[in-house]
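Here is what each chain is made of, one letter per residue.
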Amino acid sequence: MRPFSLQFLVDVFPILLPFLSATLAVVVGTIFFGSIAGGLLAWAKEGSYQLFQRLAQAYTYIIRCTPPIVLLFIVFYGLPKFCLEVLDTNINDYDKLFFVIISFTLLFAAPVSEVMRSAYEAIDHGQYEAAVSIGLSPWQAFFHIVLPQATVVALPNFGNSVISLMKDGSLAYTIGFIDLIGKGQLIVSMNYGAYAMETYLALALIYLMLTIGMEKLFLWIEQRFSRHKQAA
Amino acid sequence: MEINYKFLIDTFYIVLAAVPTTLKLTIIPLLAAAPFAFTIALIRLQKGKSLWKVPVSAYVTFVRGTPIVLQILMIYSLLPSLLNALMKAWSFDINVFDWDPIFYAYIVFTLNIIALLSEVLRSAFGSVEKGQLEAAECAGLTKVQAYVHILLPQAMVVAMPNLCNLTVNLIKGTSLAFLMTVKDMTAVAKVSASYGYNYIEAYLDVFVGYIIICSIAQVLFHFAEAHMGRYRLSKQK
Numbered sequence: 001m002r003p004f005s006l007q008f009l010v011d012v013f014p015i016l017l018p019f020l021s022a023t024l025a026v027v028v029g030t031i032f033f034g035s036i037a038g039g040l041l042a043w044a045k046e047g048s049y050q051l052f053q054r055l056a057q058a059y060t061y062i063i064r065c066t067p068p069i070v071l072l073f074i075v076f077y078g079l080p081k082f083c084l085e086v087l088d089t090n091i092n093d094y095d096k097l098f099f100v101i102i103s104f105t106l107l108f109a110a111p112v113s114e115v116m117r118s119a120y121e122a123i124d125h126g127q128y129e130a131a132v133s134i135g136l137s138p139w140q141a142f143f144h145i146v147l148p149q150a151t152v153v154a155l156p157n158f159g160n161s162v163i164s165l166m167k168d169g170s171l172a173y174t175i176g177f178i179d180l181i182g183k184g185q186l187i188v189s190m191n192y193g194a195y196a197m198e199t200y201l202a203l204a205l206i207y208l209m210l211t212i213g214m215e216k217l218f219l220w221i222e223q224r225f226s227r228h229k230q231a232a
Numbered sequence: 001m002e003i004n005y006k007f008l009i010d011t012f013y014i015v016l017a018a019v020p021t022t023l024k025l026t027i028i029p030l031l032a033a034a035p036f037a038f039t040i041a042l043i044r045l046q047k048g049k050s051l052w053k054v055p056v057s058a059y060v061t062f063v064r065g066t067p068i069v070l071q072i073l074m075i076y077s078l079l080p081s082l083l084n085a086l087m088k089a090w091s092f093d094i095n096v097f098d099w100d101p102i103f104y105a106y107i108v109f110t111l112n113i114i115a116l117l118s119e120v121l122r123s124a125f126g127s128v129e130k131g132q133l134e135a136a137e138c139a140g141l142t143k144v145q146a147y148v149h150i151l152l153p154q155a156m157v158v159a160m161p162n163l164c165n166l167t168v169n170l171i172k173g174t175s176l177a178f179l180m181t182v183k184d185m186t187a188v189a190k191v192s193a194s195y196g197y198n199y200i201e202a203y204l205d206v207f208v209g210y211i212i213i214c215s216i217a218q219v220l221f222h223f224a225e226a227h228m229g230r231y232r233l234s235k236q237k
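So the protein sequences, as listed, match chains A and B.
So in UniProt numbering, the last spot in the first sequence is 232, and the numbers never skip.
So in UniProt numbering, the last spot in the second sequence is 237, and the numbers never skip.
Calculated directly from the structure, the hints in this document are not laboratory data.
Don't take every hint at face value.
[Stated by the list, open to error] Which stretches of chain B does chain A cover? Using the computed rule of at least three CB atoms under 8 Å from a CB of chain A, they are: (1) 58-70; (2) 73-85; (3) 202-212.
[To be verified] Here are some chain B residues the structure puts well away from chain A; computed CB gaps all over 10 Å: (4) Leu23; (5) Ala32; (6) Lys47; (7) Tyr147; (8) Ala224.
[Said to hold, decoys possible] Here are the computed lysine-lysine pairs in the BS3-like style, where the Cα-Cα straight-line distance is at most 25 Å: (9) B:Lys130 x B:Lys143; (10) A:Lys96 x B:Lys190; (11) B:Lys190 x A:Lys167.
Where is the CB? At the ideal position from N, CA and C, for every residue including glycine.
With these hints in hand, go ahead and build the complete structure from the sequences.
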């Protein structure tokens, strides 16, 4: 067996790192669209429409039971066919990033809606009533009083969801999207399977730094957001 | 949209036939990981400095910080050739490349679950009051007896919801075993889809299959939690 090449491990980093942007594009895009979708789901769950409530709960349950890769394949193979046959538009040549973000948005919305819902419920309803009673409109009460407090409560769980999204995002290479892992696989196959261990170890170290960095970032944001709480 | 219903139904049976593989990939790693996870949890709960704490924490951080695909790729690229080299070095006449790839899948998922389960157990043991252990020792139980009869039953009730999550995530994670050419639900669907490019139907079958398995797992955990927590519930009344 060939000995482990430390030199290759070092050399492979500069080749892999440019593809960090692709990985982060998936994460950032999904956080943006997924948070909007998750917010809508949370609103449906907390709202008074029975039908919306049931639908949102069913959606969350189904997504909880769906492996990311299966959803990714369904979207990647199903969406173009659906668009071609029903909407009569050809999206077969769309960038793969488009399909990846759609899949992960569908996945991310469910846990995030739960995070948002529990954070909203953690805020005493009296806060809202007090705000409305001193003359704020319901929207103002929500945006100025409830939302800032709920955000602080939601941040740790939201951070966890983002970290697991980032790890699930690594599956995008299975549909041919070239992110960190996709590039890693290309490097491995270009070397005919040699240096696989070194390449994967480099990827593991990059992901480790990403998750630890993300954890630190969310801790910092949380402290920043709760500075008023500490002062009180 | 045109869906090939005959294919949809036929493939569903093929997918169902692969359910045992998915279950094996879930249950065997869970059972195999339990003793190791238990040990790691106890090491990390110990007070003071211990020689083992650093490597054990590093292991848990590594597993939790990297995607499971990467863990699969790493082990599947390393382990067979490593084992082969070992077999040759010790001059055993065994060809490791003939082994069923499910063997490697067991190893990957076990290594993964050891770290995740140890975190679940750690938080569960941490939630049981310290006085319980002291009281048990005062009453004359040995440390092992105290853990087995006093702490473990209480910790398990607390751990149940997290264990349920862990199991559901593992069931979903087994869908990646096809990367190691294991013929699980996802793999057989993929193969039968590739004949006529019926990917949507095949993946819809897999999708339904996972929903059914995960639902059953969640119902089982619900009953287990109710059963194990029956003393706690009666106390509250």
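Hint by hint, here is what the structure shows:
Three residues within the 8 Å Cβ limit are the bar, and the region 58-70 of chain B against chain A gives 9, so the coverage statement holds. Only residues whose C-beta sits within less than 8 Å of a C-beta in chain A count toward coverage, and the region 73-85 of chain B has 8 of them, enough to reach three; the restraint holds. Here's how the region 202-212 of chain B fares: 6 of its residues keep a CB closer than 8 Å to some CB of chain A, so the rule of at least three is met and the hint holds. For Leu23 of chain B, the shortest C-beta to C-beta distance to chain A comes to about 15 Å, beyond the 10 Å cut-off, and the non-interface label holds.
Every CB of chain A is more than 10 Å from the CB of Ala32 of chain B (nearest about 22 Å), matching its label as outside the interface. At roughly 25 Å, the least C-beta separation between Lys47 of chain B and chain A is larger than 10 Å, which holds for a residue marked as non-interface. With a minimum CB-CB distance of about 29 Å to chain A, Tyr147 of chain B clears the 10 Å threshold, and the non-interface call stands. Every C-beta of chain A lies more than 10 Å from that of Ala224 of chain B, the closest at about 18 Å, which supports listing it as non-interface.
The suggested pairing of Lys130 of chain B with Lys143 of chain B holds, with an alpha-carbon distance near 13 Å, which does not exceed 25 Å. Of the pairs offered as hints, the one joining Lys96 of chain A and Lys190 of chain B holds, with about 20 Å between alpha carbons and a cut-off of 25 Å not exceeded. With a C-alpha separation of about 23 Å, the suggested pair Lys190 of chain B and Lys167 of chain A falls inside the 25 Å cut-off, and the hint holds.
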